[in-house]
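So the sequence lines, in the order shown, correspond to chains A and B.
Following the working numbering, the numbering of the first sequence begins with 5 at its first residue and continues without gaps.
Following the working numbering, the numbering of the second sequence begins with 30 at its first residue and continues without gaps.
Careful, some of the hints might be misleading.
Keeping only pairs whose Cα atoms sit at most 25 Å apart, straight-line, the calculated SDA-like set for lysine to any residue is [claimed, not checked]:
| hint | chain 1 | residue 1 | chain 2 | residue 2 |
| --- | --- | --- | --- | --- |
| 1 | B | K78 | A | N222 |
| 2 | A | K500 | A | S480 |
| 3 | A | K499 | A | N478 |
| 4 | A | K206 | A | Q376 |
| 5 | A | K203 | A | E296 |
| 6 | A | K439 | B | E58 |
| 7 | B | K78 | A | R406 |
| 8 | A | K500 | A | R511 |
| 9 | A | K499 | B | S44 |
| 10 | A | K466 | A | K439 |
| 11 | A | K206 | A | Q42 |
| 12 | B | K78 | A | L461 |
| 13 | A | K71 | A | K436 |
| 14 | A | K203 | A | G146 |
| 15 | A | K71 | B | L79 |
| 16 | A | K500 | B | Q43 |
| 17 | A | K499 | B | D48 |
| 18 | A | K203 | A | D271 |
| 19 | A | K71 | A | Q376 |
| 20 | A | K439 | B | N66 |
| 21 | A | K499 | B | Q43 |
| 22 | A | K436 | B | D82 |
| 23 | A | K439 | B | A67 |
| 24 | A | K206 | A | N222 |
| 25 | B | K78 | A | K436 |
| 26 | A | K203 | A | S224 |
| 27 | B | K78 | B | E58 |
| 28 | A | K71 | A | V38 |
| 29 | A | K499 | B | S31 |
| 30 | B | K78 | A | K439 |
| 31 | A | K439 | A | W484 |
| 32 | A | K500 | B | K78 |
| 33 | B | K78 | A | K466 |
| 34 | A | K71 | B | D82 |
| 35 | B | K78 | A | H385 |
| 36 | A | K391 | A | K436 |
| 37 | B | K78 | A | D195 |
| 38 | A | K466 | A | G422 |
| 39 | A | K500 | B | D82 |
| 40 | A | K499 | A | S480 |
The set of hints was computed from the structure by calculation and includes no laboratory data.
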Amino acid sequence: MFTAVNLGAGNTLILFLTNQATGGNFVNREVYSVSDDQGNNWQPVADVFAPGANAAQATMFYAQNIKGGVTTLTLHIQSGDETSVGFSFFAYEVTNLSGFSGLRVRGIFTITGRTFAVADNIFAEILGNGTKINWGGVANDGQPVSMAASPQQLLLASAGTAYIFDLMANTLTAIPGATFSGQVAQCAICDDFFLITIKNTKTFYVSAPLNASDWVTNGSAIVSVFPDNIVSMKVVHRTVFFASDTRSVWYYDSGNIFPFDVIQGADIDNGSAAEFSPSLVDNTLIWLGRDERGQGIVWEANGYVPQRISNHAIEFAIQGYARIDDAISYTYQDQGHSFYVLYFPTPSVTWVYDTLTGMWHQRGFWVEAIGQFRAHHSQCHTFNFNKHLVGDWQSSKVYEMRIPTLTGTTWTFADDDGNPIRRLRRAPHISKEQKRQYYSELTVFVETGLGPQPPLLDGAGKPRGPIMTMRMSNDSGHTWTDGLDRDCGQSGQFKKRVRWLRLGEARDKVFEISMSDPIGWRIVDGYVEFSAGTN
Amino acid sequence: MSRFGLIGPSYAAQSLNADAQATINMYVEQNESGAANAPLSLLPTPGTKLYVDLQTGGELDGAVTATGTAAGVTITGTPSVTPELAVLLTSIVTGQTVNAQGGWTDPNGQTANVINYQLLGSGSASRSHANLYRRRPLRFDTGVFQKQRSGSGMDQARKRQRFRSRRPAER
């Protein structure tokens with residue numbers, strides 16, 4: 005509890021427990037958890053050990069984007085072997101702290117039905133029952149890891165070091181740094197040859213077939229068809245895509261003594277703007293581009309020809325970000341849609357391209373305290389156990405991701421791990437040569453009667469249906485009216501209509517609807533009734 | 030009434046007067062039957078539920094110890110924080126710098142400022158061997174950690190279940 009302190013919304017609280025002041029017993033952070041009366045999300049960060057000690061001297065927790073106000077903290081202690089604990093308890097309120105580095109799931113990968121993930125420096129296997137096994141530690145630079153595997157070996161590139169996980173013996177071994185001419189950047193596998201690129205060079209290494217321990221037999225080569233260093237590497241269609249920051253080229257397995265050679269004609273004057281932006285989808289490759297003339301176009305490979313899939317609006321957004329070379333992508337397929345998810349850490353924005361419709365949308369995590377969207381809490385993906393699993397960029401959590409599902413009258417996956425998902429649609433302008441028009445009605449054709457059971461409650465404790473809020477702009481989207489709520493029907497009220505009447509006049513009107521209640525919102529159409537003026 | 034394009038993608042042009050469309054946490058699906066109420070629908074993007082937290086469990090601590098440090102913090106000047114905290118930050122806060130005012134420079138280069146600091150107190154508590162899995166909340170209040178009353182709803186339910194299981198089966 006901060007005595008007589010009103011905490012600021014959106015700030016960060018950092019909490020330390022230490023045994024130094026008391027000399028009491030102290031145990032590791034898994035024994036403790038923290039909560040507060042504001043419902044802030046507390047994360048354990050790390051323990052500090054004295055050399056040779058098996059119990060932590062101190063541990064730390066934090067909560068970001070706090071709700072503010074007077075806050076009472078509660079420490080929970082799990083019973084264990086010890087008979088007593090003693091500690092000092094420090095708390096800091098911090099402003100403007102955007103993140104803790106090293107707190108993220110840096111990669112997730114599935115091979116032969118087994119799923120592996122790296123969070124910080126932990127290399128772990130995720131099991132089908134929602135538990136995990138830690139198999140060892142890897143170097144951590146906070147950046148994504150790349151993984152590639154055969155049925156026998158998993159090769160992992162993390163923070164400049166390559167590791168082999170033996171899938172038979174379940175042992176993790178670092179490949180000695182002297183094996184390569186520099187720091188390892190990315191890894192891949194093509195035709196049973198493992199590949200590794202070296203940071204800030206044009207060099208790539210090829211292993212012996214199915215043997216990530218042998219990098220001598222085939223050795224290394226340099227990409228000579230472009231003058232720059234390799235930024236990104238990806239294997240697609242039995243070919244290897246190498247991109248610098250200005251150009252790209254495809255290699256293939258030629259069967260020669262050194263297995264890989266350039267595909268004639270498969271070089272393009274578009275490079276990669278971000279090392280981890282290329283991802284495979286629909287049998288091709290999508291990446292965030294950069295070349296000698298500029299950056300910030302999203303490309304899709306059509307054969308060996310790049311095809312622009314971003315549009316001016318997306319490019320205007322992307323090119324306005326302070327940094328895009330740290331962008332990270334993943335792809336997945338759900339309900340027949342293949343999505344390319346592009347996460348920009350610096351502005352904390354997630355853009356998603358649907359390859360089926362060719363349309364873009366945004367995904368975001370709504371932070372109520374600051375009234376803004378942040379990026380969706382995912383930066384890597386795998387599919388296993390009949391589940392889409394995504395790794396968080398802000399914690400060591402792996403989430404199951406699924407469209408909202410109604411079972412009986414209960415919704416699941418209609419929120420983000422307990423946090424409301426704010427959904428928003430801002431419609432196109434309605435204008436006719438900028439003449440005044442008079443609006444009498446707006447109807448949103450939404451599937452109603454999908455409220456949960458027991459029902460949601462209003463401020464007075466009375467049952468209500470899920471709420472849709474409409475606001476409108478009469479000046480082309482620059483300023484907005486206050487929101488007007490409409491009830492979208494408690495469970496079974498399928499005939500409920502959602503409409504707003506007497507909406508005034510405007511020369512250029514924009515409607516916006518938003519919803520946050522935890523149901524599967526399905527909007528079929530929208531209609532407006534208006535009469536045209538003459539001036 | 031007229032259809033006005035409510036269903037559609039994000040498209041916010043340089044000029045909002047040209048186009049100000051936004052679609053957040055919804056995506057467009059074409060109704061492929063050809064006989065639907067409308068050609069396109071707007072559907073909800075997925076939600077998430079925790080599957081596993083990779084950082085829980087004792088083995089991580091071993092990993093942290095093995096690397097020698099969980100961090101790479103540099104302390105410059107004389108932090109206005111307590112010596113204990115300086116030691117903690119040295120070992121805990123990864124890649125961040127504590128400056129003379131007790132602030133942090135975070136990985137994105139932003140300066141974070143400590144605006145409130147309180148030593149909330151110290152405390153101790155007895156813990157039971159009886160149940161390795163039950164968590165006992167300690168609530169901080171006026172400088173002392175106080176163990177909350179046991180007998181949560183879950184505990185009561187367990188007791189009732191245990192009691193029922195001892196009763197002979199009804200005939």
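Results for each hint:
1. B/K78 x A/N222: violated, 45 Å
2. A/K500 x A/S480: Status violated; Cα separation ~30 Å.
3. A/K499 x A/N478: Violated. A/K499 to A/N478 sits at ~31 Å, over the 25 Å cutoff.
4. A/K206 x A/Q376: violated, 41 Å
5. A/K203 x A/E296: holds, 21 Å
6. A/K439 x B/E58: violated, 33 Å
7. B/K78 x A/R406: holds, 9 Å
8. A/K500 x A/R511: Violated - the C-alpha atoms of A/R511 and A/K500 are around 31 Å apart, more than 25 Å.
9. A/K499 x B/S44: violated, 39 Å
10. A/K466 x A/K439: Roughly 44 Å between the alpha carbons, so the hint for A/K466 and A/K439 is violated.
11. A/K206 x A/Q42: violated, 52 Å
12. B/K78 x A/L461: holds, 23 Å
13. A/K71 x A/K436: Violated, at about 44 Å.
14. A/K203 x A/G146: Within the cut-off at roughly 16 Å; holds.
15. A/K71 x B/L79: holds, 22 Å
16. A/K500 x B/Q43: violated, 38 Å
17. A/K499 x B/D48: Not satisfied, since the Cα-Cα distance of roughly 33 Å exceeds 25 Å.
18. A/K203 x A/D271: holds, 21 Å
19. A/K71 x A/Q376: holds, 13 Å
20. A/K439 x B/N66: Distance ~31 Å between A/K439 and B/N66 Cα, so the pair is violated.
21. A/K499 x B/Q43: violated, 40 Å
22. A/K436 x B/D82: Violated, at about 54 Å.
23. A/K439 x B/A67: violated, 28 Å
24. A/K206 x A/N222: Judged against 25 Å, a Cα distance of about 17 Å means the pair holds.
25. B/K78 x A/K436: violated, 46 Å
26. A/K203 x A/S224: holds, 14 Å
27. B/K78 x B/E58: holds, 24 Å
28. A/K71 x A/V38: The hint holds at about 15 Å.
29. A/K499 x B/S31: holds, 21 Å
30. B/K78 x A/K439: violated, 49 Å
31. A/K439 x A/W484: Holds - the C-alpha atoms of A/W484 and A/K439 are around 20 Å apart, at most 25 Å.
32. A/K500 x B/K78: Roughly 30 Å between the alpha carbons, so the hint for A/K500 and B/K78 is violated.
33. B/K78 x A/K466: violated, 28 Å
34. A/K71 x B/D82: holds, 24 Å
35. B/K78 x A/H385: holds, 14 Å
36. A/K391 x A/K436: Judged against 25 Å, a Cα distance of about 48 Å means the pair is violated.
37. B/K78 x A/D195: violated, 37 Å
38. A/K466 x A/G422: The hint holds at about 22 Å.
39. A/K500 x B/D82: violated, 41 Å
40. A/K499 x A/S480: Outside the cut-off at roughly 33 Å; violated.
Of the numbered hints stated above, those contradicted by the structure are hints 1, 2, 3, 4, 6, 8, 9, 10, 11, 13, 16, 17, 20, 21, 22, 23, 25, 30, 32, 33, 36, 37, 39 and 40, listed in ascending order.
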